[in-house]
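> Sequence:
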Amino acid sequence: MEIIYKGNKHKEPKPERMYGCTCPNCDSVFTFQDSEVCRPKMSIFVPAVSLNDYAKKYYTITCPTCNNTISLDKCVIFKDTAEEVRFKLTHEPVEKENK
40 MEIIYKGNKH KEPKPERMYG CTCPNCDSVF TFQDSEVCRP KMSIFVPAVS
90 LNDYAKKYYT ITCPTCNNTI SLDKCVIFKD TAEEVRFKLT HEPVEKENK
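Under the numbering used here, the first residue of the sequence shown carries the number 40, and numbering increases by one thereafter.
Keep in mind that the hints were calculated from the coordinates and are not lab data.
There's no promise every hint is true.
[To be verified] Below, in silico cross-link-like pairs of lysine to aspartate or glutamate (EDC-like), each with a Cα-Cα straight-line distance of 20 Å or less:
{"id": "1", "residue 1": "K45", "residue 2": "D73"}
{"id": "2", "residue 1": "K127", "residue 2": "E41"}
{"id": "3", "residue 1": "K53", "residue 2": "E122"}
{"id": "4", "residue 1": "K95", "residue 2": "D73"}
{"id": "5", "residue 1": "K96", "residue 2": "D112"}
{"id": "6", "residue 1": "K127", "residue 2": "E55"}
{"id": "7", "residue 1": "K45", "residue 2": "D66"}
{"id": "8", "residue 1": "K45", "residue 2": "E75"}
Start from the sequences and build out the full structure, keeping to the hints where you can.
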């Protein structure tokens, strides 16, 4: 047997989802990847329809400044890199013109 073409598209890693968040405790603004989200063990059966609602409510991220725990429903999920850039530019500190 001779392999003419080896298709490994099922093994290609998907790009990680990016999030943006503002801490309600210290007003820090930060971005993070999907791998940094804390996912609790599910002790109950959650139907696939309500899995997104469950994830938004119970998946959390810790603020890098004050260690406050924030649920994902208070964060923004970026659909593309342009949206991530807009989020960063919107929350970028403005430098003083007259120093």
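> It remains to establish, for every hint, whether it holds in the given structure.
Hint check:
no.	hint	verdict
1	K45 <-> D73	30 Å, violated
2	K127 <-> E41	51 Å, violated
3	K53 <-> E122	18 Å, holds
4	K95 <-> D73	12 Å, holds
5	K96 <-> D112	6 Å, holds
6	K127 <-> E55	18 Å, holds
7	K45 <-> D66	50 Å, violated
8	K45 <-> E75	33 Å, violated
Violated hints, listed in ascending order, are 1, 2, 7 and 8; each of the other numbered hints is respected by the structure.
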